[in-house]
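Q: Listed below are the residues making up each chain.
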Amino acid sequence: MGHILSAEQFDPNSLNDIFERTYELANLDRRELIDRHIGSQLITFFYASSTRTRISFELAARSMGVGVTSVPDAEDTSSVFKGETIEDTARVLNNYEADIVVMRTKVEGDTAKAAAASDYTSIINGGDGSGEHPTQALLDAYTIQDEFGGLDGLNIVFGGDLRRGRTVRSLTKLLANFGGNQFKFVSIPELQIGQDIKNRLDEHDIEYEETTDKLSALSDADVVYWTRLQSERPIPGVEITEEIINQFKIDAAAMEVMPHEAIVMHPLPRDSKHNEIDTAIDHDPRIKMFDQAGNGKLVRAALIDMILSEEL
Amino acid sequence: MGHILSAEQFDPNSLNDIFERTYELANLDRRELIDRHIGSQLITFFYASSTRTRISFELAARSMGVGVTSVPDAEDTSSVFKGETIEDTARVLNNYEADIVVMRTKVEGDTAKAAAASDYTSIINGGDGSGEHPTQALLDAYTIQDEFGGLDGLNIVFGGDLRRGRTVRSLTKLLANFGGNQFKFVSIPELQIGQDIKNRLDEHDIEYEETTDKLSALSDADVVYWTRLQSERPIPGVEITEEIINQFKIDAAAMEVMPHEAIVMHPLPRDSKHNEIDTAIDHDPRIKMFDQAGNGKLVRAALIDMILSEEL
Amino acid sequence: MGHILSAEQFDPNSLNDIFERTYELANLDRRELIDRHIGSQLITFFYASSTRTRISFELAARSMGVGVTSVPDAEDTSSVFKGETIEDTARVLNNYEADIVVMRTKVEGDTAKAAAASDYTSIINGGDGSGEHPTQALLDAYTIQDEFGGLDGLNIVFGGDLRRGRTVRSLTKLLANFGGNQFKFVSIPELQIGQDIKNRLDEHDIEYEETTDKLSALSDADVVYWTRLQSERPIPGVEITEEIINQFKIDAAAMEVMPHEAIVMHPLPRDSKHNEIDTAIDHDPRIKMFDQAGNGKLVRAALIDMILSEEL
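Protein chains in written order, with our numbering: chain A, 1 to 312; chain B, 1001 to 1312; chain C, 2001 to 2312.
Simulated from the structure, these hints should not be mistaken for lab results.
Be aware that one or more of the hints could be misleading.
[As the list claims (entries may be wrong)] Below are the BS3-like pairs computed for lysine-lysine, each with C-alpha atoms no more than 25 Å apart in a straight line:
no. : chain 1 : residue 1 : chain 2 : residue 2
1   : B       : Lys1273   : C       : Lys2106
2   : A       : Lys106    : C       : Lys2273
3   : C       : Lys2273   : A       : Lys113
4   : B       : Lys1106   : A       : Lys273
All figures in this text were calculated on a predicted structure; none of them were measured in a lab.
Could you build all of it, start to finish, from the sequences and the hints given here?
A: What follows is the structure, given as structure tokens:
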């Protein structure tokens, strides 16, 4: 029984195994896949909602014949309000003989607690509060690998809300295990990347730069990873003006300076008010964010497959 | 990839194909059906709730082996609150390689936008605000066809809230394509059928009459299609009195004057406070509203089948 | 078509059939089970939420190849708010040809009404307000049978909120049909077992005792069945003090006086604030509450199996 709790549990070798499996399953015919794990059972147990994560896991599982049981809003409908601990919940799901529980929690560390209480069921962390979202980091890495054939020697530019964006933090940590990458972090100072991430990069002797100069950073980028400004969660003292929004947008002018081989990623959802990736450039072939979303299903299928085959 | 966006996309020939398929599938053994579309995936993505529509689609899909993933309350749990456009949502579901997304939206035209953004996934409009609900119109038409062997030469009496009842509007439009039908609209003037529908009937040279005289209208009816008064959504200046409720009820007296071969339809739910179809007459064999509901599953199965077989 | 509406519909013989089937299915290989009821359809239709009951039914059904359609919050999303009666809802589900609807309602007697309106679909009561929760009583009884090889001649100690705990009431009624059992009810007088249950025990000439002396009651117990104090639903005039909570806990001292062969049951969820079964003793082998939860899935699988095989 393997759990997936943190992106950091995967070294370059195990990442490679996951990506090979992803590629292999993606190229199988549906009819070949649909009987692959007949009889296995997966539960999505979400204390905080996330349609995208939930349905990509469910589609991935169903594509291999896994039975899927959904609890999309455990906070509201479950025993939680009666004061049950996550350990007790996990023990019950374990004794229902669920093979895998994909769990999203509001509290950092809760999926690890669930894993500790399970002796049969594998727990997959589908996002634990401000903690980790390991499968997002894996699908991001897979998207890069799929385009560049590797995860090293790349110029990677991150932009948007780097302070709070969990995906940027996780992907940076994961890529820090690979050699020869250079990072640029583009944002206003108030939303710059956290000190913990910078320390991590320092430990690995990885070059990075913090800047507000978007165009210069983009001009030699391989990977451009952009995120929402999360204006629905205001930070006291930080005003996100119209000017900032426009300054930190990926628009036609940004695409102009970007190399032809670069790719633009975004974890989605894109904010329709800000258009941080301008809809006007959606058809530029370098925009990969929807392929990236599609990869989410494929990578999650590989993870489910490897857990059920006891290879993870 | 075919979309189902409007009842008006179906001419008499294509309707006939759908009804033949419905009949054919309804007569297959469950065991014959259950492998029919193994490996296909359908998502119900509902921004506005509708248990009946959702579960009839889900049961129909599952009866043919289609994997079903549910998002019953996209408004609350999805990325919507973060300001994602329907086009972005559709692109993601498309890249998850869902074969069909049944979508209910609060905004008219949104399912058409989703369809325009999908190049793999078929979109089925499960109701788009005050716009269309095409599969309801199809199941209504199927119910009539199943009883009378055709959709022409019928006296059709509509009653209840004709102004806002989306089902009456859609069915009227669909039946306007067939010859020799006569329509009677029974309601108080404030809830009468809209001018746009009357214009449509005029264009097709179809006879119709607006009246408050329920019993006279019913006396030579073939099809009686009744609807809720929607008193939970009051119209300023329109008072729905107890007297009006009783006057516009289908009760024992109404059944008395109705021909023996007539059928009574209702899109359900019936309002238990108003009892617009009196529960006292539920066992009259002319009351077909629960068969009509059952037909919903059958017609939806045929539509799913035809889309997945690339016949639609 | 058999319905499961009340624990009292099962006599010792039919209980035995259910337990034999449970045991038999639990020992089948997953691959043998997964085709058992291919093509059958079950709906969970819950007007009041209950994650545990819902997912154990769904997992049980899916393990035998039954298609499962979920309505976890019918109150909010269904036609209910438009004033549909439970009978109309049941007729629609019946005409969708659902084989089984597991229904949880807020109102006592509503599942029986649904059953009366169904001529094809079997209704399983998944809890009807303050009424019954028959499958909980069956899984409780199965757990005891599984440990002691029978349901007679046992010393059974109930504790906690005996006044309102539906599970205690149902299990007591069910066990009253078996000979030679002795009951002890341990609680403060304000939360003691109801007069109706005591009358029932008197009718069957069954010995019982009400007491506040926990340790003495536990000292010769076979089965210890403990429940939450439901402090989230205060009773006017009844104060649940810290002292009461501690006095009525199953803790190390309680385990000390309990026989080695005794078992401790709890319907879950356990209240993490009260810890009525102290987490410190979770690893005592006599604590069977998580096995009991697991049995819920197994017993429900047997019930679904017997209904679909027309043996119930």
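Q: Each of the hints needs a verdict: does it hold here or not?
A: A quick look at each hint next to the structure:
1. B:Lys1273 to C:Lys2106: Within the cut-off at roughly 19 Å; holds.
2. A:Lys106 to C:Lys2273: Holds - the C-alpha atoms of C:Lys2273 and A:Lys106 are around 19 Å apart, at most 25 Å.
3. C:Lys2273 to A:Lys113: holds (18 Å)
4. B:Lys1106 to A:Lys273: With Cα atoms ~19 Å apart, B:Lys1106 and A:Lys273 stay inside 25 Å; holds.
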